[in-house]
Amino acid sequence: MTFNKENIMQIDIQARSFKLTRSLRKYAEGKLKASLSSCQDRLRRVVIRLSDINGPRGGADKLCHIQVVLPGMPDVIIEDTENDMYAAINKATDRANTVVNRKLSKKKLQARHSQPLRRHLTA
Numbered sequence: 001m002t003f004n005k006e007n008i009m010q011i012d013i014q015a016r017s018f019k020l021t022r023s024l025r026k027y028a029e030g031k032l033k034a035s036l037s038s039c040q041d042r043l044r045r046v047v048i049r050l051s052d053i054n055g056p057r058g059g060a061d062k063l064c065h066i067q068v069v070l071p072g073m074p075d076v077i078i079e080d081t082e083n084d085m086y087a088a089i090n091k092a093t094d095r096a097n098t099v100v101n102r103k104l105s106k107k108k109l110q111a112r113h114s115q116p117l118r119r120h121l122t123a
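Each residue of the sequence shown is one higher than the one before, starting from 1 at the first, in UniProt numbering.
Quick caveat, the hints were computed from the structure, so don't treat them as lab data.
Small disclaimer: the values here were computed from a predicted structure and weren't measured.
Heads up, some of the hints might be wrong.
Taking lysine-lysine and the BS3-like style, the derived pairs with C-alpha atoms no more than 27 Å apart in a straight line are [as the list claims (entries may be wrong)]:
(1) Lys26 with Lys91
(2) Lys33 with Lys19
(3) Lys106 with Lys91
(4) Lys106 with Lys26
Can you build the whole structure from these sequences, using the hints too?
Right, dumping it as structure tokens:
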């Protein structure tokens, strides 16, 4: 397979209400790439938004929001909130993998069933 710009999955990682460290960025990107490795050549863009909802007050308020842009299909949106940002990233990327692969499999199955049947006549 030849790779060009259309085959490269773009990843955009954003932080809201806290400073995104290099290690957290690398972790989120690595986890996302590992989770979506089986289908990343069919994805256009993935946006990860990390938020600390309550700020310094604490609590189960670390939010990981993932938006996966699929060509010709509605975007997949996943959100997970946990006590720890790394746990939120883990759960959200795992769920993104499940949902994206399910949608792509369903699309592939629908494409297969929409092809006309060819009948071979034997004499």
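Now for the hints, and whether the structure bears them out:
For a cut-off of 27 Å, the pair hint linking Lys26 to Lys91 stands: about 16 Å separates their Cα positions. Distance restraint check for Lys33 and Lys19: the Cα-Cα separation of roughly 22 Å lies within the 27 Å cut-off, and the hinted pair is therefore satisfied. For the hint linking Lys106 to Lys91, the alpha-carbon distance of about 23 Å falls within 27 Å, and the restraint holds. The hinted pair formed by Lys106 and Lys26 fails the criterion: a straight-line CA distance of about 31 Å is larger than 27 Å.
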